[in-house]
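K.L.:
Given these sequences and hints, build the entire structure.
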Amino acid sequence: MNRLLKISNSVLALAILFALMIASCRSGGKDAKKEADSASVQGASPAVYEDLKQAEKIFYTLPSPLESAMLIKSAGALFDNNLLNPVENTSNYSTNRSMGLNLGIYTCDLSFASLYDQTQLIIDYMNAAKKMADGLGILDAIDEEDIKNLEENIHNTDVIMDIVSQTYLNSNSYLEDNNQPAIAALVLAGGWLEGLYISTQLIDMKDFNGNKLVGRIIDQKLSVDILIDLLETSQGHPAVDELIIQVKRVKKVFDKITLKTSPIRPEYDQSANVTVLKSEVQSDLTSEVFKELSATISEIRNNLIK
Amino acid sequence: MRILKIAAVLIPIFIASGINANGQCKAFAKRTCLPELGSYTHDGNYHATVLAEGEEAELYKTFYSDMEYRLSICGDEGLPPVEFVVLDVNKNILYSNKEAGGANTWDFKLQSSQQLRIIIKVGSSGVKGGTPANGCVAIMFGFKIKT
Chain F
29 MNRLLKISNS VLALAILFAL MIASCRSGGK DAKKEADSAS VQGASPAVYE DLKQAEKIFY
89 TLPSPLESAM LIKSAGALFD NNLLNPVENT SNYSTNRSMG LNLGIYTCDL SFASLYDQTQ
149 LIIDYMNAAK KMADGLGILD AIDEEDIKNL EENIHNTDVI MDIVSQTYLN SNSYLEDNNQ
209 PAIAALVLAG GWLEGLYIST QLIDMKDFNG NKLVGRIIDQ KLSVDILIDL LETSQGHPAV
269 DELIIQVKRV KKVFDKITLK TSPIRPEYDQ SANVTVLKSE VQSDLTSEVF KELSATISEI
329 RNNLIK
Chain B
93 MRILKIAAVL IPIFIASGIN ANGQCKAFAK RTCLPELGSY THDGNYHATV LAEGEEAELY
153 KTFYSDMEYR LSICGDEGLP PVEFVVLDVN KNILYSNKEA GGANTWDFKL QSSQQLRIII
213 KVGSSGVKGG TPANGCVAIM FGFKIKT
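Heads up: the protein sequence lines correspond to chains F and B, in order. Sequence positions in the first sequence follow the working numbering and run 29 to 334. Sequence positions in the second sequence follow the working numbering and run 93 to 239.
What the hints contain is simulated information worked out from the structure, not anything from laboratory work. Misleading hints may appear alongside valid ones.
[Said to hold, decoys possible] Computed spacing ranges between beta-carbons, pair by pair:
no.: 1; chain 1: F; residue 1: Ser315; chain 2: B; residue 2: Glu169; range: 52 to 58 Å
no.: 2; chain 1: F; residue 1: Val187; chain 2: B; residue 2: Ala119; range: 19 to 25 Å
no.: 3; chain 1: F; residue 1: Ala323; chain 2: B; residue 2: Gly146; range: 47 to 53 Å
no.: 4; chain 1: B; residue 1: Asn184; chain 2: F; residue 2: Gln310; range: 18 to 24 Å
no.: 5; chain 1: F; residue 1: Asn207; chain 2: B; residue 2: Glu169; range: 23 to 29 Å
no.: 6; chain 1: B; residue 1: Gly194; chain 2: F; residue 2: Val187; range: 31 to 37 Å
no.: 7; chain 1: B; residue 1: Lys236; chain 2: F; residue 2: Asn109; range: 23 to 29 Å
no.: 8; chain 1: B; residue 1: Ala192; chain 2: F; residue 2: Asn207; range: 32 to 38 Å
no.: 9; chain 1: B; residue 1: Gly146; chain 2: F; residue 2: Asp297; range: 44 to 50 Å
no.: 10; chain 1: F; residue 1: Asn181; chain 2: B; residue 2: Glu169; range: 30 to 36 Å
no.: 11; chain 1: F; residue 1: Leu106; chain 2: B; residue 2: Gln116; range: 39 to 45 Å
Each residue gets a CB set at the ideal place from its N, CA and C atoms; glycine is no exception.
P.N.:
In structure tokens:
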């Protein structure tokens, strides 16, 4: 009887310990209120971050690969397949770090190819992204049905964009919901860095002045602090810590650019049923600083795809 | 001793149900929030979490001058209405859905690219006592090239 009691007490103790372990894991995630107080304020626009104390959850979001690709296309840039990470490199990636980063990179390349109707590349890069997602154990991020759907609609850009958007959503929601925020952050960072890499490489210095794409590159100054804040929510993860150092190098170059924005005036356009946020912005990016930015991004990105 | 035994059985169940609730937010976001984007292309990013009455979430994102955006915010059926405000970096309120009849979408475009902050808050049901309602809240963005 005594022995039975001892066993049942041990089971009880183990059950409570298990419960406490799970609870402590969860409270350390992005949802924790204390994270908002301590993790991320440095380096960002001070006024924005003054009163973070109330939020239960903070989302730091970057332009998605699809949005980055759309920005490049809308700036009038031409497609260059030599800028993409070759799909043959997929076999080089076996760690969660390299697969997470390159899932973001390949998804950006896939988005870029999709918007420029590069039919064979779309299929190749969807398969490359699938390999990365499968390697990370992301269930059903990209299934055979998606690939088939893609092949059947290969000339329909709208459908392709929907498929790319859905597969990206499947990947990052899986990682977020399965308590892998560090890998989720690496995916987002990989996509953002690839978009910036492609953009900077597409600039011909002969057309530097007045180039619309240069304007979109300057805009990324607004996202670099958000990226650092996002990565710092997973500080302590070795791959994330290493990436923070690299992204801070990018920030250091962006800090050489001054952005002056006039106050925003919201105006409602009744005919289009849309609010227009009116403001003027001035920046002072020189060709020297641009070259430094381009070289820094290129070095970091080329290390990520090794 | 009996209470402890019951607790040992119930605590992991409650915790596991919390994890499932987070997982269910993806299905909720896709089912409820995504269709609200209409003709806008979803950017693919995922922002959803479980919030209780009176709780807040915040989001930071850069929006670009070349795009038109639709912001869509959805809360579970069992939740009181979700309020949201959009602020600039100087904390000026640019939009409040409370002043727009509780709309759950907002269409906007920008003359110059800006970093904006979105604060969402689950309202209160006003019922005193009992457990506050909780459920999924999702924030989604759609975009298209500015016309």
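K.L.:
All the hints need checking, so say for each whether the structure fits it.
P.N.:
Against the structure, the hints:
no. : hint                               : verdict
1   : Ser315/F with Glu169/B: 52 to 58 Å : holds, 56 Å
2   : Val187/F with Ala119/B: 19 to 25 Å : holds, 22 Å
3   : Ala323/F with Gly146/B: 47 to 53 Å : holds, 50 Å
4   : Asn184/B with Gln310/F: 18 to 24 Å : holds, 19 Å
5   : Asn207/F with Glu169/B: 23 to 29 Å : holds, 26 Å
6   : Gly194/B with Val187/F: 31 to 37 Å : holds, 33 Å
7   : Lys236/B with Asn109/F: 23 to 29 Å : holds, 26 Å
8   : Ala192/B with Asn207/F: 32 to 38 Å : holds, 36 Å
9   : Gly146/B with Asp297/F: 44 to 50 Å : violated, 35 Å
10  : Asn181/F with Glu169/B: 30 to 36 Å : holds, 34 Å
11  : Leu106/F with Gln116/B: 39 to 45 Å : holds, 44 Å
Hint 9 from the list above is the single one not met by this structure.
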